[in-house]
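Chains as they are written, first to last, in this note's numbering: chain A, -4 to 134; chain B, -4 to 134; chain C, -4 to 134.
Be aware that a few hints might be false.
Where chains are identical, the list cannot tell them apart; a pair therefore holds if satisfied intra-copy or between any two copies.
[Stated by the list, open to error] Only pairs whose alpha carbons sit at most 20 angstroms apart, straight line, appear in this in silico SDA-like list of lysine to any residue:
#1 K92 - G68
#2 K92 - T12
#3 K92 - T7
#4 K92 - P13
The hints are simulated quantities; they were obtained by calculation from the structure and are not laboratory data.
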Amino acid sequence: MTLSIRNQLSGTVTGITPGEAMATVRIRLYGGQDLTAAVTREAVDDLGLAAGSAVRALVKSTEVALSTGPVEGLSIRNRLPGTVTGVTAGEAMASVKVGVDGGEVTAAITRDAVADLGLETGSPVVALIKSTEVSLATA
Amino acid sequence: MTLSIRNQLSGTVTGITPGEAMATVRIRLYGGQDLTAAVTREAVDDLGLAAGSAVRALVKSTEVALSTGPVEGLSIRNRLPGTVTGVTAGEAMASVKVGVDGGEVTAAITRDAVADLGLETGSPVVALIKSTEVSLATA
Amino acid sequence: MTLSIRNQLSGTVTGITPGEAMATVRIRLYGGQDLTAAVTREAVDDLGLAAGSAVRALVKSTEVALSTGPVEGLSIRNRLPGTVTGVTAGEAMASVKVGVDGGEVTAAITRDAVADLGLETGSPVVALIKSTEVSLATA
């Protein structure tokens, strides 16, 4: 299976908090960062996830935001610091590649955002990903 | 590879509109419905997608909205009519299963939404999925 | 139309930037805030959107993030300042209601985020919504 999902970060489950409908899964990426995924409780059961499970965190490019400033007091759990390695701009949207510890992240953001933030190769940024946007794959 | 992504609908690519950064891919599901996915241009190239390609459309449950009324004048491209087959409610969130032609769709929506719409097993609904939330997998 | 989508904000289209696959639509909400929606080019054509069109911006609760700190240098286009009016917490997830100019916004975020940000009724926050998460309805 080959996925259109650009962002695939490997790591190990470090903890799970199950709710009735949803569950939060904490992952330590091989790059050293911590990531939280909010998935259905059913998915956790189906995948047999537990502390120690090897997983890949999957995130669609359209779900990745970028910040050039400090990120404090933000509900967004996942923050991967990195450096812009490339920008491809269309009329409305742009695709921005960010090198992070242990891999690369692609963000599809508006062209306006690229201009406002002055993003270009070499710009230091933090990739922000809401927990509800992180999917998980095993093996 | 096993995915936490609950919604996986198989079909065939019927057309692609490439932009610079993004591309829209139209798919005819085996259930007969048409689906549009907005993915990065790069993903289309990497997956070698073309009219006729067999794909699976992947949609995270948190990206599925439900409607109990008619849906007109809506930018959301993907609309799968079906019937609720089960509701699991937590304090804040709920997981709703919907039987659609050719498969089943899970929607993770707020508990408030379930109450407001009066959703229960047997309720007729339309599952709504924004194109930017659809990922694609080949083979 | 009865939708599970909690957040529906009315306004008027002020501008459209069409790309090949996607388009960005700018909206002035009746509450006075500006909003950007990134939707498919096809949706703009189908809905016949143009400057002056009356629309409702639809945003699923799971797509709304909250900030208690300053939001500068952020790619997320849509920022609605407001005040928390209620918090419903489950084990994994929480639903937070925020009063904003001209309406109310619901954010489904992790329970951890609520605790870390110390959110409670009366907390001043900014609701953050990525443009790709905004859908549009006419009429």
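Status of each hint after checking the structure:
1. K92 - G68: between (25 angstroms within a copy, 17 angstroms between copies)
2. K92 - T12: For K92 and T12, neither the intra-copy (32 angstroms) nor the inter-copy (22 angstroms) Cα distance is at most 20 angstroms.
3. K92 - T7: neither (24 angstroms within a copy, 29 angstroms between copies)
4. K92 - P13: between (33 angstroms within a copy, 19 angstroms between copies)
In this structure, the hints that do not hold are numbers 2, 3, in rising order.
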